[in-house]
Structures are given as C-alpha cells and as structure tokens.
Amino acid sequence: MTFWTLLLANTRLQLRNRGSLFWHFAFPLVFMTLFGLIFGRGAGMLNIGLVTNDSVPAQHFQAAFNEIEGVKLIQGEENTLLEDLQDGQIHVLVVFAAAAAGQPVDVELFYDQNEMLATGTARSVVRGVLDGITRAVLEVPELFRLKETAISTEELTFMSFLLPGVIGMSIMFSALFGTAYPLVTEREKGILRRVKLTPVKTAVFLGAKAVGMTVIAFMQAAIIILTGISLFDVQILGSLFAAALVVLLGALMMVSLGLLLAGVAKRVESVDSIANAIAMPMMFLAGTFFEIDGAPDWLQSVALILPLTHLNSALREVLIRGQELAAVLPALLTMVAWALVFILAAAYLFKWESPKIQGNNRKVL
Amino acid sequence: MIIDVQDLTKRYGGLLAVDKVNFAVEQGEIFGFLGPNGAGKTTCLEMMEGLRKPDGGQVLLKGISVWPNPGKVKNLIGVQLQSTSFYEELTVKEILVLFASLYNRRLSEGQLESLLSMAGLEEKRNAYTNTLSGGQKQRLAIITALVNEPEIIFLDEPTTGLDPQARRRSWEIIRELQGKGKTIILTTHYMEEAENLCARVAIIDQGKIVAIDQPQKLIEQLGKKAKISFASSRPLESVFLAQLGAEAGQVSSAEGQVLFASDPAQTIGVLLEKAKQEGIVIHNLHVSSPSLDDVFLGLTGKELRD
Numbered sequence: 001m002t003f004w005t006l007l008l009a010n011t012r013l014q015l016r017n018r019g020s021l022f023w024h025f026a027f028p029l030v031f032m033t034l035f036g037l038i039f040g041r042g043a044g045m046l047n048i049g050l051v052t053n054d055s056v057p058a059q060h061f062q063a064a065f066n067e068i069e070g071v072k073l074i075q076g077e078e079n080t081l082l083e084d085l086q087d088g089q090i091h092v093l094v095v096f097a098a099a100a101a102g103q104p105v106d107v108e109l110f111y112d113q114n115e116m117l118a119t120g121t122a123r124s125v126v127r128g129v130l131d132g133i134t135r136a137v138l139e140v141p142e143l144f145r146l147k148e149t150a151i152s153t154e155e156l157t158f159m160s161f162l163l164p165g166v167i168g169m170s171i172m173f174s175a176l177f178g179t180a181y182p183l184v185t186e187r188e189k190g191i192l193r194r195v196k197l198t199p200v201k202t203a204v205f206l207g208a209k210a211v212g213m214t215v216i217a218f219m220q221a222a223i224i225i226l227t228g229i230s231l232f233d234v235q236i237l238g239s240l241f242a243a244a245l246v247v248l249l250g251a252l253m254m255v256s257l258g259l260l261l262a263g264v265a266k267r268v269e270s271v272d273s274i275a276n277a278i279a280m281p282m283m284f285l286a287g288t289f290f291e292i293d294g295a296p297d298w299l300q301s302v303a304l305i306l307p308l309t310h311l312n313s314a315l316r317e318v319l320i321r322g323q324e325l326a327a328v329l330p331a332l333l334t335m336v337a338w339a340l341v342f343i344l345a346a347a348y349l350f351k352w353e354s355p356k357i358q359g360n361n362r363k364v365l
Numbered sequence: 001m002i003i004d005v006q007d008l009t010k011r012y013g014g015l016l017a018v019d020k021v022n023f024a025v026e027q028g029e030i031f032g033f034l035g036p037n038g039a040g041k042t043t044c045l046e047m048m049e050g051l052r053k054p055d056g057g058q059v060l061l062k063g064i065s066v067w068p069n070p071g072k073v074k075n076l077i078g079v080q081l082q083s084t085s086f087y088e089e090l091t092v093k094e095i096l097v098l099f100a101s102l103y104n105r106r107l108s109e110g111q112l113e114s115l116l117s118m119a120g121l122e123e124k125r126n127a128y129t130n131t132l133s134g135g136q137k138q139r140l141a142i143i144t145a146l147v148n149e150p151e152i153i154f155l156d157e158p159t160t161g162l163d164p165q166a167r168r169r170s171w172e173i174i175r176e177l178q179g180k181g182k183t184i185i186l187t188t189h190y191m192e193e194a195e196n197l198c199a200r201v202a203i204i205d206q207g208k209i210v211a212i213d214q215p216q217k218l219i220e221q222l223g224k225k226a227k228i229s230f231a232s233s234r235p236l237e238s239v240f241l242a243q244l245g246a247e248a249g250q251v252s253s254a255e256g257q258v259l260f261a262s263d264p265a266q267t268i269g270v271l272l273e274k275a276k277q278e279g280i281v282i283h284n285l286h287v288s289s290p291s292l293d294d295v296f297l298g299l300t301g302k303e304l305r306d
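Protein chains in written order, with my numbering: chain G, 1 to 365; chain H, 1 to 306.
A couple of the hints might just be wrong.
To be verified - Below are the DSSO-like pairs computed for lysine-lysine, each with C-alpha atoms no more than 30 Å apart in a straight line:
hint	chain 1	residue 1	chain 2	residue 2
1	G	K189	H	K276
2	H	K72	G	K189
3	H	K137	H	K93
Hints in this document: simulated from the structure, not taken from any laboratory.
The following block holds chain G by itself, in its conformation from the complex:
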C-alpha cells in the first residue's frame, strides 16, 4: 500500500508540474517536428530552373525530366530564375539559348558554388539527361547495361531513423532530470529527513520513484510512436511488446543513473550542470540523430560504451527494422550491466540529508 500511494504521489508531482510536463512530453514532439520539417520532407528533392526556347532538344530535355523522380522542373524568365538561384530556391538553372537549325544548342548552366552537395547532384543529373538525349538522337549503341539493386530492402527514411533516437533521448533526459531534480530538491527542503523519520524502507521509497519514471517513459514512447506514425509516415515493423521491454530496461538504466546523479549533486543547481554534461555529449554520440560512422575510430569506441547508444540501437533494431529481441541481446545485457553499476554506485552515494543542513549547524555552533 505504501508503494502504491508513493507511486501515485510521484506521478501526480510529475504531471502537475508544468515544467516537467513540457520536458517529458512537449519537448520530444517539438524536437521531432522540427527535425521532420528540416530534414524529413523533400530531402533529396532537386529544384532545377529551366529557361526554354521551345526547340526540339529543349522539349526532349523537359520530357526526360518528367520521368526522373525527386526532381522538380521550374520554368520561367531567366532574370527571375537567377534571383531564385541566388535565394537558394532552385539548385541549378539551365538556359537553352536560341540556335539555328543544325547547330549545337547552346545550353548554359548556372549554379551556386557554395552549395556543393546539392548543386553537384543537380549538375550531374542535367549532364546525364543531355548525354541521354544526344545518344538517343544519334542512335548510339549502348555499351553498358546498368542494373541497379538496393542492397538493404528497408532503407530507412530519415524520420524512421530519427524516431527511436527521439524515444531514447527523451527517456534519458526525463529519467535523469525527473529522478535527480525532485530528489535533490526534497533533500534540500528537508522532506527526505522527514521521510527518514517514518518506517518506510529506502528501497520502497526510491523504488516508487523509479517505477513512476518508468511509467512516464512508456507514455513518452507511446506518444512519440503515435506522432511518428500519424504525422511522419514512420513504419513500425517490429513487435511493440519487444519495444516495451527495451523501453523498460532503458528507463530503469537511466533512472539508476538519475539516482546516482542525485547522490553526486550536492545542490539543486548542480543537477542541471552535471545532467547536461552527461546527457548532451551522449545524445550526439549515441546515434540519436545520425550515425557517427564519420567520426574517428577512438570516438566511435567511446560511443560504443555509452548507455544511450545501446538503448537507441536496440530500439531502432526492434521497432523500425523489425528484429527479434534475441538479435539485440548484447545491447539488452549491456543496459542491465549499466543499470547495476549505477544502482550500486547510487546506493553507496545516496544521502538523506543535505550537507548544507549539517554545515549550517556547525556554523551556528
């Protein structure tokens, strides 16, 4: 009974606090929406400006582009389109000059040299199309027959990749702050000393907090998954039961780290700085938003140790790639190991009393 009353009280405390409500639920959605707007839609969509002279080659060019996916052809006046190019609205501008019959058509191509990646792609697409038209018109025999096969059948869209990362990141931030912040506050306000006067067992008191945060973690995962499916067309391939187990282990691991943090932080103010110092680098290194294949080997080795890396990758494998739990067993075991390390260290460092209270007495005496 003690446990349930405590669990209820803790859940009320989390849900009645506007600050924690925002960080638990609104923040991940804001994050996902922003990333979705920036990278999710129209990534790889090339905008090519075209000034045509209605010559036959220009018509061929136009027809060829209509068959290419991911390219948008925008026709217009040269001056307007040049401005669009400078504004970054279009990636390259192709201008067909008027030409006498039988002469090669002058095609001028403008691009922004600061946008190397996108314009590079656009330029080679334009060259390829022009070459294709030349070959077709001249009836040049094909030397190569190119057949393209994508190796991974489930090539992840950006949002599909991002979603498990956002879940992992949210669980990390919420569990770290949501565990450590109230505990250190309760210690500073003397509530923990008051609780210590009651017969409640430490394990029950802290256990209720851990379970409360785990409930929050499940709510976060559910909200993020529903938003991903409904707004960003994310495909959930794996079993939700398996994902729930990963969320459970991840939440317990992060809550344990939060308990440890509450033992390390002397004052409420230091919770912020310590939690951010732990969480921020981990967020980027753990493959939350992008794989870190490009990083130096030593940094990748560091990333492989981090708790969040295993939570993120296990969630991604199970949820998005549809893997069985057995396939992510190493990640699950690593999370359990981390949880144990954190719990033991937290038990060693946990204090019921703020050092300030003792110090205060000493000063007065």
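Start from chain G and add chain H according to the hints.
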C-alpha cells in the same frame, strides 16, 4: 516517566554541541527546551528522534533505547521538524494520506476529518500546500506528525515566524494534544510560549542545561529580587558593579544594563552615588519584577531573542 535522557552528548569536530544532558519527562507533560539559536536544542531533539547519532549517553522512550536502532521508536513518535517544507504540487489531504502510508496506515475518513478540524484546515483540504499561509503550513506540519497516532510528539520551533494570532492557534492544538494524553517536547525561543504552554522548561545554553523546572519556579528562584534596568553614559566596570550588592547581568544593546537586587532601594542609592562620583550619567532607570526572560538573562548572560 516516558522519556529518559541520560548524559546525552554530541560533538561537531572540537565543539561540544550537546554536553552531557540529563532530564526526564512524565507522560502527558508539555516539556519545553528554551534557548537561543545554536544552543543545541535542535541537535538534542534530533538525537532523541533518531535523526542524529549521539557521541555519548542514551535516550529511552517508553523504556526503548533510541540508539543504536532508531527504527524501534518510529511508530511511537511524531515529529515536526524545524523549517517545514512540503511537496508543493500535492494538496493538504494528499500530504496526510501520503505520510500515513509511509507508516503503512490508511487514514479513515473520520481520522482525516478530525486532523483537519484540529488544524482548522477543513476548507483547505484540496488546496495545494504552496497556497497555505505560514500558520497553516505549521499547523499542517503538526497534524502530519500525528498520522501514526504517536504517544510522544516532538515539535521543533512550532511557532517561529508566526504572528501572535497564528501562534495562539498553534498553542490551542498543542493543548488539545496534551488533553488527549500525548507527551509533547517542544523547542522555542519565545518566553511567552514557554510560560503559557510548558509544565516544565529546560534552559539550554552552549549545549548544557543550566536550569530545569516549572516556569513559575524558575522565576521564583530569582527570589524576591527586583529587576533594575538602566542605561549609562559609559559602560560600568565590573569592580564598580561588585560594590552594588547585586547580581549583575550583562550589557545588552536593547535594554542597557540589568541588575537583580534583593534590596532595590539600597542598590539604586549606591548606584546613583557611585555614578555621580565617577561622572557617569544614569538614565532610563526602571525597577520591575522579573520574568522568565530575566531568568534566562540571569542564568546565561544572554538575551533570548534572535
């Protein structure tokens, strides 16, 4: 004898915060610890509650030793700690239910009602604790200490910082508890509170009990002595004071010089004569009968107030 404290001692580094304190309290008594900030009242109380481990001596509550295993007395005692805080996002009722559950108890509707009405918080049952006034918060702290129906109740400065009206409201609760046969130990630095509430008080200074008795008896100890207070144009030397045939208090900025004399007329005569010889001007001369405040001043040489 429900509380028996023997040679209770606490050291902080080289400082003796509590120095071999001995006292006993009868069941149903309201016992007060009187002393200035830092005298060792709170440390003493916390050792009795099981929050702070003593360096020497022992505390017996109903014959059970608090140390080394404070868990044994947790169901016997109720505690209101100094500077009370609550979970701000919980209501009055939720706080009471939560603390009862920490004792593995479920509050019946009747128990909840009687606690709320004792504290005058019936209307505030669904109010968040951060909307309560200072007096309401203190009263909530007191009834929170009652959820386990304790026999011994510790109240650490239950009325500090409250206005006189709120203070009287808290006194009513404390008297009501006494009426129910509870034993109450409280600390205070308000004389009025000690005189009004406590059957006996212990005056504690620098970790030692310097006097322990009924408030009225303590005042009578000063005897038929009168309190003479005055201000002087420059401090009087101790040699000078010794000749007055009075017990001298110490100079304090608020009241000036204080003397306790069994023959005030004679002492004042000598005082004025000597002052004239030395060229010292005496003004604001008062003669009054002593209060508990004066007992404290006479015993410790300090004013009790903050």
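- Starting from the hint list further up, note which numbers the structure goes against and sort them upward. Checked against the structure, the only hint that fails is number 1, while the rest are satisfied.
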